[in-house]
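Colleague: Residues per chain are reported as follows:
2 protein chains.
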Amino acid sequence: MADRILLAHGSGGKATLDLLREVFYPEFGLTAAEAGDAAVLRAAAGRLAITTDSFVITPLFFPGGDIGKLAFCGTVNDLAAVGAEPVAITAAFIIEEGLEVEVLKKIAKSLGEMARATGIPVVAGDTKVVEKGKADGLFITTTGLGIVPEDIDYNPARIKPGDVLLVSGTIGDHGWCIMALREGIDVGTPVTSDCRPLHRLVGRLAPLRGAVRTVRDATRGGLGAVLNEWALQSGATMIIREAKIPVREEVRGGCRLLGLDPLYLANEGKMVVAVAPEKAEEALTLLREDPDGKDAAIIGEVAAGPARVVMVTEWGTERIVPLPRGEIVPRIC
Amino acid sequence: MADRILLAHGSGGKATLDLLREVFYPEFGLTAAEAGDAAVLRAAAGRLAITTDSFVITPLFFPGGDIGKLAFCGTVNDLAAVGAEPVAITAAFIIEEGLEVEVLKKIAKSLGEMARATGIPVVAGDTKVVEKGKADGLFITTTGLGIVPEDIDYNPARIKPGDVLLVSGTIGDHGWCIMALREGIDVGTPVTSDCRPLHRLVGRLAPLRGAVRTVRDATRGGLGAVLNEWALQSGATMIIREAKIPVREEVRGGCRLLGLDPLYLANEGKMVVAVAPEKAEEALTLLREDPDGKDAAIIGEVAAGPARVVMVTEWGTERIVPLPRGEIVPRIC
Numbered sequence: 001m002a003d004r005i006l007l008a009h010g011s012g013g014k015a016t017l018d019l020l021r022e023v024f025y026p027e028f029g030l031t032a033a034e035a036g037d038a039a040v041l042r043a044a045a046g047r048l049a050i051t052t053d054s055f056v057i058t059p060l061f062f063p064g065g066d067i068g069k070l071a072f073c074g075t076v077n078d079l080a081a082v083g084a085e086p087v088a089i090t091a092a093f094i095i096e097e098g099l100e101v102e103v104l105k106k107i108a109k110s111l112g113e114m115a116r117a118t119g120i121p122v123v124a125g126d127t128k129v130v131e132k133g134k135a136d137g138l139f140i141t142t143t144g145l146g147i148v149p150e151d152i153d154y155n156p157a158r159i160k161p162g163d164v165l166l167v168s169g170t171i172g173d174h175g176w177c178i179m180a181l182r183e184g185i186d187v188g189t190p191v192t193s194d195c196r197p198l199h200r201l202v203g204r205l206a207p208l209r210g211a212v213r214t215v216r217d218a219t220r221g222g223l224g225a226v227l228n229e230w231a232l233q234s235g236a237t238m239i240i241r242e243a244k245i246p247v248r249e250e251v252r253g254g255c256r257l258l259g260l261d262p263l264y265l266a267n268e269g270k271m272v273v274a275v276a277p278e279k280a281e282e283a284l285t286l287l288r289e290d291p292d293g294k295d296a297a298i299i300g301e302v303a304a305g306p307a308r309v310v311m312v313t314e315w316g317t318e319r320i321v322p323l324p325r326g327e328i329v330p331r332i333c
Numbered sequence: 001m002a003d004r005i006l007l008a009h010g011s012g013g014k015a016t017l018d019l020l021r022e023v024f025y026p027e028f029g030l031t032a033a034e035a036g037d038a039a040v041l042r043a044a045a046g047r048l049a050i051t052t053d054s055f056v057i058t059p060l061f062f063p064g065g066d067i068g069k070l071a072f073c074g075t076v077n078d079l080a081a082v083g084a085e086p087v088a089i090t091a092a093f094i095i096e097e098g099l100e101v102e103v104l105k106k107i108a109k110s111l112g113e114m115a116r117a118t119g120i121p122v123v124a125g126d127t128k129v130v131e132k133g134k135a136d137g138l139f140i141t142t143t144g145l146g147i148v149p150e151d152i153d154y155n156p157a158r159i160k161p162g163d164v165l166l167v168s169g170t171i172g173d174h175g176w177c178i179m180a181l182r183e184g185i186d187v188g189t190p191v192t193s194d195c196r197p198l199h200r201l202v203g204r205l206a207p208l209r210g211a212v213r214t215v216r217d218a219t220r221g222g223l224g225a226v227l228n229e230w231a232l233q234s235g236a237t238m239i240i241r242e243a244k245i246p247v248r249e250e251v252r253g254g255c256r257l258l259g260l261d262p263l264y265l266a267n268e269g270k271m272v273v274a275v276a277p278e279k280a281e282e283a284l285t286l287l288r289e290d291p292d293g294k295d296a297a298i299i300g301e302v303a304a305g306p307a308r309v310v311m312v313t314e315w316g317t318e319r320i321v322p323l324p325r326g327e328i329v330p331r332i333c
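If you read the protein sequences in the order shown, they are chains E and D.
Residue numbering for the first sequence follows my numbering, starting at 1 and increasing by one per position.
Residue numbering for the second sequence follows my numbering, starting at 1 and increasing by one per position.
Hints may contain errors.
No distinction is drawn between identical chains; accordingly, a pair holds when it is met within one copy or between any pair of copies.
As the list claims (entries may be wrong) - Within a straight-line C-alpha distance of at most 35 Å, the following computed DSBU-like cross-link-like pairs (lysine-lysine) qualify:
id: 1; residue 1: K244; residue 2: K105
id: 2; residue 1: K244; residue 2: K14
id: 3; residue 1: K105; residue 2: K132
id: 4; residue 1: K106; residue 2: K132
id: 5; residue 1: K134; residue 2: K160
I should point out that these hints are in silico values taken from the structure, not numbers from a laboratory.
Bear in mind that the values here come from a model prediction, so they are computed numbers and not experimental data.
Given the sequences, and given the hints that come with them, work out the whole structure.
Modeller: So, in structure tokens, the structure goes:
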């Protein structure tokens, strides 16, 4: 096989089949005999969750992950956010002509490793090749399918005044990591992306049932975007306390340097949770028992009032946290 | 809203929400309140089919369709090919900065119209924006979810010697249409892409049950690629008769002019079917009763023997039809 991707690899003919056999099938545990245009799987009756995301991150590799791992985790986390148990994912690759086959292999391997580690298989896929200069190395679109248990409903419209807001760990790690990598910034200890699957962490909250109002992974647009969407969807005010929000020192310092706000930086391994007040401490304990939630914290509460987000600063003043505007860190996921 | 797509439209913040509200939600019948990271739907117990495809066609608009209609039909047809009844689709958009918002609206509308016309809703989506020069206008990745009735199994391994091969209409229309458009070729009547959803057409074959061995939509790589894959998957010889294969005169003439083979040209509205011999005529009648199958034809049969495709030419000689090699028409879907 060639060292670099050719247009022929996207033809649907011999070269495509070679690419699938050489790069994708071994990593995803598929064979040519099984591979059809659609995968067929058996699922229990019930509510299905489906979610899709394109990943266009640059660079393709970063401390703590790469576009393959990111595409897997991002989609699994979107399923987790509706309380679904992930069943399977699909992966569609848009490849720029000239990409090194070794690069593609590393990324397929990383995606395949996540699938094996979590037991969530990649069941269908697609490969397209576009001419050099018509894409940027590689874009991956993953779609996830999951089952939502009958007693789980994490619709954000369920948020009520009095609810408590939690975050599962430090915010802004992924966004800062990519930013620092691109800009060649070094502020003490390098920050690693928090990219990881969170379905097990969210699953820990299932015993609290109806007390868990809603869950969201705070990716593009960060914690600030999630809380603003919740405010719009519930018609309530989200109050957060700056002093309670866990932010790594390096991220805080870096943001100050560049005039960024950690509230708007992307996360790829953090969940925001709204819980009924009487179960807030229990939720916090459940999250902290998990290595992926060890830095979980209660960061605020929901109040009756206009649909907006208010932050009580470290100095006790209040400021509105608007929906992020403009581009914060482009191509972050 | 701006006339052209900005990087900010991919930020996950205010501009992204504006884009969703202005361009996508109205066409897909969604509201901001409902829109979460994953859609939840109720499905009957049974076998689920899932399929994904990225669409990178150039140009974005062509006679008979555009990338939006194509992305919808391509995915619905992949579901149809495993005998599934389509339930829902998702659509992820990778947009190049600078794309005219009007162009995006036309494409979203076209996709939305297909969803309304077929009753197959778009239930989840994603929007990413990459810098000018890092994509080519627009790429769409659609994923389809369907239910496969318990008595349907269209696995190509079920193909047996003696089976009859059918095609649901003229081949090469989509491939030739795009080729002629790109090259500015005019050979008499212009050919329109055959882009259309085929789940109803395939559904007509359901009463034949086990007699229908397998079904495939002959997209990238054309009829030649499908038959070669079937040969590999079943270990049998696919014999086709050139004189029986329906090809439009304009396509035949154009291919002769450019040295192309219609067998390898992409279709976006044609199914290839393998049927037990005793039900072949019935299958042909069922297909022809549908406007989308009016030119259906029996084109050959399956023989015991090595895994390969043999064409009996119009002159009675035989030639091997190999898997297509190299690029035929790049960026065809």
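Colleague: Does each hint fit the structure? Answer for all of them.
Modeller: Each hint, compared with the structure:
no. : hint        : result
1   : K244 x K105 : neither (42 Å within a copy, 43 Å between copies)
2   : K244 x K14  : between (57 Å within a copy, 26 Å between copies)
3   : K105 x K132 : both (19 Å within a copy, 27 Å between copies)
4   : K106 x K132 : both (20 Å within a copy, 27 Å between copies)
5   : K134 x K160 : neither (47 Å within a copy, 43 Å between copies)
Hints 1, 5, counting from the list given before, are not met by this structure.
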